[in-house]
Structure formats: structure tokens, C-alpha cells
Amino acid sequence: MKYVAALVFLVALQGCATAPVEPWDKDLLSEEKMTFGSDAIQKSYEQHTYFSKEATSGGSGFSGGGCGCN
Amino acid sequence: MQLKPKTIKKIKSSLALATTVLLTGVSQGHAQDTQIADAPPPSATKWTGAIANLYYSETDRVTAIEPVINLNAEFSGERKWSNKLVVDTLTGASHNGAVMSRNPQTFTSPSGSSNYTIAPGNVTLDPTFKDTRIALSSSWSQPLGENYEWSVGGNGSKEYDFTSLSVNSSISKNLNNKNTKLSLGVSGEFDSINPVGGAPVGLATMSPTKPTLGTTESKQVFDLLLGWTQVMSRSWIVQLNYNLGHSSGYMNDPYKFTSEVVAPGAGNAGDPTGTYFYDKRPDSRTKHALFIDSKYHLGGWGIVGTSYRYFFDDWGVTSHTADISYHVPISSRWYVEPSFRYYIQNKADFYRYFQVQGQSLPQEMSSDYRLGDMTAMTIGLEFGRKLDSYGKEISFRAQLYTQQGDSSPSEAYGFLTSQDLYPKLTAVIGQVIYKF
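Each protein sequence line maps, in turn, to chains L and B.
Position in the first sequence (first residue = 1) + 183 = our numbering.
Position in the second sequence (first residue = 1) + 2 = our numbering.
Honestly, I wouldn't trust all of these hints.
As the list claims (entries may be wrong) - Partial list, computed: chain B residues near chain L (C-beta under 10 Å): (1) R104; (2) K180; (3) V319; (4) D370; (5) M379; (6) I381.
What the hints contain is simulated information worked out from the structure, not anything from laboratory work.
Don't be surprised by glycine CBs; every beta carbon is placed ideally from N, CA and C.
Bound conformation, chain B alone (with noise of 0.2 Å):
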């Protein structure tokens, strides 16, 4: 049967107001699962929130509790209020950016009022490190006018050597029937940052009495983000977007530090000689990257995620990030979602791992195996249960986190051949949500 053009008119103004209460997601960025029936009137504040922690433990290092609490009240007009406290408490050893030798090796602690030996053959780890971190941020968010929305929002958070605020703002349109969204947002963050036992000049030697630049250092971050979210099909809706930042000041890590080796010809060639120079890195980075994210909708098979982001700065890191997750509904409650990561990196241009007795030193140095080559992966499995049809959920995930590195670069000689000059390191997470 052909409908004629005046009856497809009426239908299509008819579906579209009975349509708009379900209509969600693209211009909102999240959506209900609502029945009509049982909606609430479109006057009351609806409050939504999350209560959530995670676990996350390294084999011998570092171990972090993070437990979040999140509150979004949802007033009339589509003006949502949100907020959320974020603890995070972390204990453990941090590897401190020295390599691995065959012999003990003692290092001053940040304080400087006390000493640490390293076995030898033992990853070169702080164990004092500890730190408690609090975070607080809230956002408003908006509709300007028939296709516009706007949001603000401020963070705030404070550990023990470091304090950090910032505001965002952004600014979204609507078009082509609610089916294209661009937005543009930025964000201004500004960091003080005391080190236990002050922040030491970079390239200094260790010392208790290492010299220092002052007690307090600073930090800033801004970032531009475009977006744009196309629905592609009635199954399939894509995001990219492109992030620019630029951060200055202080960038250093006041606890890392580089070891100074043996140089080659000599008997014990590779071995530390016991002086270490603290991380030195450039006053400032401007980074790029670029993300694409996809979700598609299998029908009854549930839904694919999918997403890359390619990213490069001027500190000569480059990365490539690939996601993928499959969310199956196992029942009209249950679902389950594995999920996979996969991560390379190419090192900084001031990245080393280790500095040659006798040659001069290069302007900025760093050890820290976070900005080395690396691959990570992450394998992931969540499980979860919807316990009602407002959006009231709870989920379990866990994931195994593995990172490595190049253990015998070509740069090794003497005895450093003979140790992992980047050790693995590998975390297991645990994450519960609940979503009400």
C-alpha cells in the first residue's frame, strides 16, 4: 500500500511529538529509559547520581582506592545541575626513574631525612610513596534558544604536594534535525605544586641536601576541544573530536631522577656510579589529539563500541589508542561487556635511560617510564543488572592492565645488558557502580 503525501504528513507530525519524550541522547549526551506511562511530571527536579570506587593494584607497586560519589539534579527545561567528590587514596612503591643493577643501590628519600636500598636485581622502587588526593567538581549545563545548549563547570582538588583548580566552559549546536551536534569548549587549569623536601633543580645530583627552586611551583593548562556527533544510521552514531592543550610552568617530576653509569672501556662499564640527576623537562607542551569514537547497534545483539584517538606534542611523544567493547544484553536485566584496549607510545625526545659518566648533559632529561616506548593493554570484563526502568543500575568490572617497554634497548652496554631496563608492570582493577 503507498501512503499518500498529506497521510505521511500526519503521521510524521503525530510520531514526532509522541517521539520527543524519548528523544535523548544526541543533543544531551544521555539518555532515559523511560516508559511514558510512569514518567514523572515534566515540572519535578529529577535527581540521578552514581555511587562508585575503584581498586586498582600494580604487582609490588602502587595500589589506589578511589571511591566517587556523583549527584545530577535535572530541573525543568533541560537545565541539569551536576556534582561530584572523588577520594582517592594510594599507597605502595613508585618507580623512581633509576635502572636496575647488580649491585645495592641507596637513594635519599624527597625529604631528604632518611635512606632507601634497593636490592640488587630489584625494580628501583620509592615505597614512600603515599598520597591522599580529594576532588570536587560541578557543572551546569543548559539550552540557549531552540538549538543551542551551554554548560559551565569547575573542578577543584588537593593531595598533599598538590593543588589544582579549573573552569571549563562549552557551547553545542544542533542541526539537521537534532541528527549533527558541534561543539566547542575550553578549559583553563591552574596547578600549585609543593614536592615534600621542595622541588629540586632539574639536573641537580641526589642529595639530603639537594638544591631546590622554592617551596611552591605552578602550572598551567588550557584546552580547546571540538566536537562533532553525527548520527550516521538508526543503529550507528560517531563523535570526533580534536583537543588541543597547552600546559607551562613547572612540568618536571620532583621524584624521578636519572642514573649516571659507568662509561663503556672500563671494567665494571654500565654499572651506576652512584650519582643521580633529578628529571629535567621543558617549561612547556602543547599537545594534540585527535578521537573518534562509534557506537553501533546490533538489534537484539546488543551494541559495539568502538574508538581511536591519535595524539602528538611538541615534546616529541606520539601515541595511538584503539578501544572496543561489546555490550549483550543476557536477559532483559543482565548484561555483560568485554571490553579490550590496546596502546603504543613513542618516547619522548628528552627521554633516557641512563646518562654516561663523562658526557656532557643534555638540556632536559627524564627516566620516567611514562614517557618511554611502550605498548599497554588493557582486557576488561564488566557484568551488570538493571534493577529498575528509570535507569537504576548496578555493575561489577574488572580489568588487567599490562604495560612494556623495550627491557634491552640498543643503547645498553657493559653490565646493563644484563638488566631489564624497563621493567613490566602490571595492574589488576576492580570497579563497582552504582547508578540510581
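Isolated chain L, as found in the complex (with noise of 0.2 Å):
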């Protein structure tokens, strides 16, 4: 049921989408802070940190090693 729920969901996603966004229009999305990564020490301290404290771990790419945390 959360497979069917998960792929409905990415069909819904690509319908939103409109045409494609030409280079010349890319202005804003070529900002630093447009960037999925651009903030890679910050989410590296914050995975650290969440999975050192909590449950859940991962989703948005590999943490990069393991730790004893406990």
C-alpha cells in the first residue's frame, strides 16, 4: 500500500511540472542557495546529530560513515 501510495505520488509530481525551463530563464536556479548540496557541512552535522539521537536515519544521501553514538 505505501508502494502504490509512493508511485501515485511521483506520477502526480511529474504532472506538475510545465515545460522545460530553457538555460537562458536557469537565473535563480543557479544560485548557490538554489542548489540541492550546497549546504553539505550543515546537513552532515544535522544527520549526525538526528542520527545519533533518533530513530530514522537517511533519505536524502549517504551520511557518510557510521558512528558508535551512543
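Reassemble the complex: the two chains are provided individually, in unrelated frames, and hints are given to aid placement.
See below:
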């Protein structure tokens, strides 16, 4: 059931996309804060903190090694 | 004025050439604030990086300081080599899993060579918690043909009782005029665990001469990551990821245990008996995470970032994580970015607050608060200043993290009802990052 929901969501999301954006219209998208991964250090701090304090991990990229977080 | 098709075509090709230098982000995963006139020649190696520090401090519990050095080299042909060194020092006291009591409780330290006593009504924290971790990671990424990119990386970390080595690799494809990126990544992690005093046999009772499994245990973790990044419009970009993970091996926490409490009906029902059972978890775990991330540009009004993750695994844990941030430029150099994160988790099947004396032991049992029913919130505020036009920047962030669960669960009875069975956790977090 969860997988069906995910698939439906995927298809719906693709439907939301408008016509392809041309390279000369990517002025806003080229800003650093508009990219995924621009705040890599911040994200790795957050991942480490939440991995150590909660039961959930993953989803947004490889965490880059484990820790014996007790 | 209507433009003729031929004119449109000429303008298209000229602009496409001119904007190639500015094109980043969607395909590369990093953007540079470049000015064409001052950009270095394409063949020169570009060095970037960051120096950062994190200060994390829980009220009465753990304090961590984590400096990071990151160094990246970008070579011609969009080839990139990234490196990171992390040092993590931890001190303070960590919750050991036992319930609070109206009587003093004495626990054996992990080494077995000493005891510590928790006063009545105090949270059961192990004060011998101390560790230093060093981690090194390195990765290489480069284009593969016209539409593909490939990366490979490795990580190693070492702390007093834990060593980890991992490798990862991913491939991604750009489609649809670089408006769509599909990626596939895999990673393998190999951990070696050497707990202080040896790994206790799960469900054995705490004592200075606890039975141990042997001095070194191991764990393997494999992950698969499928990603889809889509430019939705001129102002909006979305990423959807699915992560499948499987761990197996030694999954217990060697330093946590569950309290045995006096059965209902007795005069001191609910009081700890003085017996504690070591943590015992399944020897494998399969987890799934579905993650969606969105960034929306509001023109001069800043950028709104939102994300949501749904997680579930075969331990019975399910969780929802929602995050929002609002990046606001307040001048040409300064910005401010408030953020908020909300997290809610349902407990693992084998999580319990205590074990009732006389009842048979389950096959698996853990009182690690991190596996319990809980909600957590983080509020944060970041200030940053651009130092030049090439990405040099300094930022400061302060956050408050609170975590709480059910302090009076329905299972509580007798003297347990007057104790806080899930003490609240509060932490302040400070972070400074200098990017160059």
C-alpha cells in the first residue's frame, strides 16, 4: 500500500512540471542556495545529530560513515 | 513585437552559449556565484572548502564539539575531488535506559571496575560517557560522456570503541535539457565494535562480571539510493529520493539496559528490584526512507526550502520529518535564515520502559529512549555574510532542540506512576561555518 502511494505521488509530481526551462531562464536556479547539496557541511552536522538522537536515518544522501553513537 | 522563428533560433543559440558558464546546480549539485569577467581560466584548478565547528550541549547530559575541515579541488572537465576531516569530542552523561526511582540506584560502569549511584528522582545517566571520534572522507566525481556523471567515495572513522570503513558510488543522468536528473547510488559500510568491558550478552543481567560475547563485534550496512531531481519552473526545483538500507550483525547498544520492577500487587509495586537486563535487538534491520525536498525562489523576497521524509523499518519504527527554512537576503552581503524542524516517531516493537519481575523475558528488548515514542522539534536562526563574489562566506547558526515522549505511559503502575518514564531532552546547538 505504501509503495502504491509512493508511485502515485511520483506520477502526480511529474504532472506538475511545466514545459522545460531553457538555459537562459535559469538565473534564479543558478544561485547557490537553490541547489541541493550547497549546504553540505550543515546537512552532515544535522544528519550526525539526528542519527545520534533518533531512530531514523537516511533519505537525503549517504551519511558518509557510521558512528558508535551512544 | 512578434519575433520570427529564425530570429528566435539565433537568440536561443547565442544565449545558450552565454549562459553555459552560469549553468550549475541541477546537474552539478553545487553552484558558484561567478562573474564572467573575473572568472579564472577554465583550465586552472579551483580550490574551495570550508572550516566549521559545531557545539552541541544537552541540559545535564552530553556535550559535543565537532570541528570540520573540508577541501575541494575542481579540475578541468568538471572533475571534482572532495575531502573532509571531522573530529568529534563527546563528554558528559548518557541515559542508560533504566527507569527513575524514588530510591537511590547503583549501576556498574561498562568497564565493570566501578559503580555509580543515581540519587532518588534523578534521571538515570551514565557519567562515564566520554569519547573522541576522528573521521576522514574523500570522493571523486566527474562527467561520463555528455549526459552522465559518476562519483566514488570512501569514509573511515575511528573512536575508542568503534571503527567504521565505507565505500560508495553513484551514477546520474541528465535529461530534458538538464531539467531532470536521475541518480542511482550504492554504499557499503563495515563496522567493528569493541565495547568497553566487552559486548554483554543480550538480556544477561548487569554485574561487574557480566557474560560477554567476545571483545570485538561487527556490523555491515548496505544502502541503495534512487534520486530524481526536477526543475519545476524558473523558480522551483524539487528532489525526490528513495533510500533502502539493510544492516546486520551486532545491533545492540552495549551500554544500555532495562530495569526489572516489582510486580503489581506488592507493597512496593513498580520499584526497581536492582536487576537490570542488557539491551538485546534483532541482528538485522531493513529500513526504507522516502524523502522529498523543495526549494522555491521568491525573487527578491528570498528562498523557501521545505522537505518531508517518511521512514519505516522492520523493527516497527515509523517516523515523519518535516522541515522548513526561509533564506532572506537583508542586504547585498548579509542574509538571515530562520528554520523549523518537526519530527515524530513511533516506537520499535521491542522497546519497553521496564520489565515486570516474574514475567518471562521477550526475545528482544531495549529501553534506549531513541527507540521510543517521541516527538522532537528544532528551531534555528542563521546569520550569514558573503565575503566576496566567489563563494567566500561566513555563517553562524543557533538552534534549540527538544525531544519528549510519554512520561506517564499506560503501562506504568504502582510507584512508576510517580516517576517520569521519558525525561525530556533539551539541547542548544551552535554552529559556525567559513566557506572559501
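Against the structure, the hints come out as follows:
1. For B:R104, the interface hint is violated, since its Cβ never comes within 10 Å of a Cβ in chain L; the closest pair sits about 27 Å apart.
2. Of the supplied interface hints, the one on B:K180 holds, with its beta-carbon coming within about 8 Å of a beta-carbon of chain L, less than 10 Å.
3. Evaluation of the B:V319 hint against chain L yields a held restraint, the C-beta minimum of about 5 Å falling below 10 Å.
4. The criterion of a C-beta within 10 Å of any C-beta in chain L is met by B:D370, whose closest approach is roughly 9 Å, and the hint holds.
5. The interface hint given for B:M379 is broken, as the beta carbon of that residue sits about 12 Å from the closest beta carbon of chain L, more than 10 Å.
6. A least Cβ separation of about 13 Å between B:I381 and chain L goes past the 10 Å threshold, and the interface hint is therefore violated.
The structure is inconsistent with the numbered hints 1, 5, 6, although it conforms to all the rest.
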